[in-house]
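Student: What follows is the residue order along each chain.
Protein chains: 2
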Amino acid sequence: MGKIIAIMSGKGGVGKTTLTAYVGAALNRRGYRVLITDADFGMRDLDLVLGKENDIFFDAVDIWKDRCNKDNAMVPLREGFDFLPATQSRRWEDVGRKGYGKLIKKIAKDYDYVIIDAPAGIGRGNEAIFRVAEQLLLVAEPMWVSLRAVQRVMQLCHEERLFNYGLVLNNVGRSEAAVPVEEALQSLQVENLATIWPHSANILNWSQAGVLHEECDEAIETMMEPLLTYLESDTAWEETDILERWHSLFDVQNVDEEEAITETDTDTDTDESVEVAMTPENKTETIELVTETQANEVEQQNEEPPKKTSFGSLLKRRFASFWNRGGRFR
Amino acid sequence: MGKIIAIMSGKGGVGKTTLTAYVGAALNRRGYRVLITDADFGMRDLDLVLGKENDIFFDAVDIWKDRCNKDNAMVPLREGFDFLPATQSRRWEDVGRKGYGKLIKKIAKDYDYVIIDAPAGIGRGNEAIFRVAEQLLLVAEPMWVSLRAVQRVMQLCHEERLFNYGLVLNNVGRSEAAVPVEEALQSLQVENLATIWPHSANILNWSQAGVLHEECDEAIETMMEPLLTYLESDTAWEETDILERWHSLFDVQNVDEEEAITETDTDTDTDESVEVAMTPENKTETIELVTETQANEVEQQNEEPPKKTSFGSLLKRRFASFWNRGGRFR
Numbered sequence: 001m002g003k004i005i006a007i008m009s010g011k012g013g014v015g016k017t018t019l020t021a022y023v024g025a026a027l028n029r030r031g032y033r034v035l036i037t038d039a040d041f042g043m044r045d046l047d048l049v050l051g052k053e054n055d056i057f058f059d060a061v062d063i064w065k066d067r068c069n070k071d072n073a074m075v076p077l078r079e080g081f082d083f084l085p086a087t088q089s090r091r092w093e094d095v096g097r098k099g100y101g102k103l104i105k106k107i108a109k110d111y112d113y114v115i116i117d118a119p120a121g122i123g124r125g126n127e128a129i130f131r132v133a134e135q136l137l138l139v140a141e142p143m144w145v146s147l148r149a150v151q152r153v154m155q156l157c158h159e160e161r162l163f164n165y166g167l168v169l170n171n172v173g174r175s176e177a178a179v180p181v182e183e184a185l186q187s188l189q190v191e192n193l194a195t196i197w198p199h200s201a202n203i204l205n206w207s208q209a210g211v212l213h214e215e216c217d218e219a220i221e222t223m224m225e226p227l228l229t230y231l232e233s234d235t236a237w238e239e240t241d242i243l244e245r246w247h248s249l250f251d252v253q254n255v256d257e258e259e260a261i262t263e264t265d266t267d268t269d270t271d272e273s274v275e276v277a278m279t280p281e282n283k284t285e286t287i288e289l290v291t292e293t294q295a296n297e298v299e300q301q302n303e304e305p306p307k308k309t310s311f312g313s314l315l316k317r318r319f320a321s322f323w324n325r326g327g328r329f330r
Numbered sequence: 001m002g003k004i005i006a007i008m009s010g011k012g013g014v015g016k017t018t019l020t021a022y023v024g025a026a027l028n029r030r031g032y033r034v035l036i037t038d039a040d041f042g043m044r045d046l047d048l049v050l051g052k053e054n055d056i057f058f059d060a061v062d063i064w065k066d067r068c069n070k071d072n073a074m075v076p077l078r079e080g081f082d083f084l085p086a087t088q089s090r091r092w093e094d095v096g097r098k099g100y101g102k103l104i105k106k107i108a109k110d111y112d113y114v115i116i117d118a119p120a121g122i123g124r125g126n127e128a129i130f131r132v133a134e135q136l137l138l139v140a141e142p143m144w145v146s147l148r149a150v151q152r153v154m155q156l157c158h159e160e161r162l163f164n165y166g167l168v169l170n171n172v173g174r175s176e177a178a179v180p181v182e183e184a185l186q187s188l189q190v191e192n193l194a195t196i197w198p199h200s201a202n203i204l205n206w207s208q209a210g211v212l213h214e215e216c217d218e219a220i221e222t223m224m225e226p227l228l229t230y231l232e233s234d235t236a237w238e239e240t241d242i243l244e245r246w247h248s249l250f251d252v253q254n255v256d257e258e259e260a261i262t263e264t265d266t267d268t269d270t271d272e273s274v275e276v277a278m279t280p281e282n283k284t285e286t287i288e289l290v291t292e293t294q295a296n297e298v299e300q301q302n303e304e305p306p307k308k309t310s311f312g313s314l315l316k317r318r319f320a321s322f323w324n325r326g327g328r329f330r
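Quick mapping for you: the protein sequence lines, in order, are chains G and F. Numbering follows UniProt numbering, in which position 22 of the first sequence is assigned residue number 22; successive positions increment by one, without gaps. Numbering follows UniProt numbering, in which position 84 of the second sequence is assigned residue number 84; successive positions increment by one, without gaps.
Derived from the structure by calculation, the hints contain no laboratory data. Take the hints with a grain of salt, since some may be wrong.
[Unchecked claim] Where chain G lies over chain F, by a calculated footprint (3+ residues, C-beta under 8 Å): (1) 4 to 18; (2) 45 to 54; (3) 112 to 122; (4) 141 to 148; (5) 171 to 181; (6) 195 to 206; (7) 216 to 230.
[To be verified] If you want the ones that stay clear, here's a sample from chain G, every Cβ over 12 Å from chain F, calculated: (8) Thr-18; (9) Gly-31; (10) Asp-45; (11) Lys-70; (12) Gly-101; (13) Lys-105; (14) Gly-125; (15) Val-132; (16) Glu-134; (17) Arg-174; (18) Gln-189; (19) Leu-249.
The beta carbon of each residue, even a glycine, is placed where N, CA and C say it ideally should be.
All chains, please: the whole structure from these sequences, using the hints.
Tutor: Next comes the structure, spelled out in structure tokens:
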């Protein structure tokens, strides 16, 4: 039976669906038979990202309710790479959960990997997925709201005794307001870092156009390697090795910008420019400035003497209570 | 009794929480008593955006289960502006829904406006919220996945016979891959456009730092006006008037960039630069180009003759089946 992997994040809009599509494609390029499936019943979007929204006649719930056979609902993407859509007409609240596990396990017999694009939140759907997934990828952006959502999911992993989970730090470099990579990782204290993914303007464009590209950005491909190793072997790379790869990729481009451009020009033979957002190096100072200004303004409104708040202490304050409770939410 | 408004989007990560905070603050500045409340049980984030994560000792569920009185759970933000947090330890699946309606109605007696930050998806929580909200703000980004999620919520509005809803087109100008404003609006065919909101790097920074600013970006304030009118009067501005305001704001800045900068310099007296992302005017051409390239590449892989796909026809194809079914999902 194929390995069942779920991609979860707690918070929506951090890139679960895109990751599902591109990780599936990458595994398929390595020669595996792969199924990607949307489990966001009632609010699906993987079909739009794949450009398959008009090719759906049956869905996962139709198989499970015996309204069609397995093959009728599968949307083929490539040789050995299929897509099973979620229903739009029903929600997780309207269907049983046990049936889902049976369905996925039955289907997994035909594949090497089944990747489930989980819904946001921690409701009924994710409960069902927890019970069938052998491995989880937790996706977080380097923003506080997303980091905390992943902490919440990690807590559930422990409650559900599913310890085989790894983190994907996603969309790094998209926003200047982001928490620096090292601090984001530190705040989560996660055992397995699956990979760090750069924000890619190309992928956003392709998702909008409904095209799953054969090969994506060079930077994405480079950072995909540790992730694939984790999925294939259940063993994550050393965090320092992933960080080193990350920094070698982006620090070089930042310092020798002209050289990097020349390199890009010579080794691409398509019209697509490899346009990947740079990671903001050492943004702490900028954010510190903003925080202090705001903090001072707020203090002034309260007519108390101004007090300095560094970003470091804000970080500690923000997550101290969480870790003081042994990583449990009240 | 105060008016109960819910902010919903279907898809997560499109700005519900930020909008809740800033709309609440704006109504409060107009002299109203306002409560903002997080209804994302188990996955709250409004407290982080407000910087109140360490000020929470009780929450909405504690009031409802009589574990504290109303005032213990309220976090005061300003005179006449309070915040009621969601629980983190329970999910909507673990609590009854009727109690929530009673709670919110009881609390609404003390306020002019109660604004509910709804969870993503269309599960139990949103079911409860549909039953208590008098007006909905539907938040969509100009991206296909978000636009379709809002269509799904609109369908639910009709099923639940809640017709008093308006659209906020949010984060406009954040991504070059975005659908142009006019096309996004056309694809939704929504009766009430509440407003168009620009993406603001400032607000993202402030959210990260956990500071709710007294007054936000000038552009945000300008585009807040039609939204506040809609909330106060239940009557939306004419769509053309909102579009005109939007274009006058951003087209002028695009054309006379130098002038705009001079203006900004003279009428701000703080250290904050008013840094608002520009709306990409007429991006159709760029996107068309990408789409055609992708489409051609895909065709070539399939060894079929290349075929031109314009973005316009993609739009029509993409949503034709939806509207052909009378705006209903199968």
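Student: Each hint: holds or not?
Tutor: These are the hints, each one checked on the structure:
| no. | hint | verdict |
| --- | --- | --- |
| 1 | 4 to 18 | holds (count 6) |
| 2 | 45 to 54 | holds (count 5) |
| 3 | 112 to 122 | holds (count 4) |
| 4 | 141 to 148 | holds (count 4) |
| 5 | 171 to 181 | holds (count 5) |
| 6 | 195 to 206 | holds (count 4) |
| 7 | 216 to 230 | violated (count 0) |
| 8 | Thr-18 | 10 Å, violated |
| 9 | Gly-31 | 18 Å, holds |
| 10 | Asp-45 | 4 Å, violated |
| 11 | Lys-70 | 19 Å, holds |
| 12 | Gly-101 | 17 Å, holds |
| 13 | Lys-105 | 23 Å, holds |
| 14 | Gly-125 | 8 Å, violated |
| 15 | Val-132 | 18 Å, holds |
| 16 | Glu-134 | 24 Å, holds |
| 17 | Arg-174 | 9 Å, violated |
| 18 | Gln-189 | 18 Å, holds |
| 19 | Leu-249 | 22 Å, holds |
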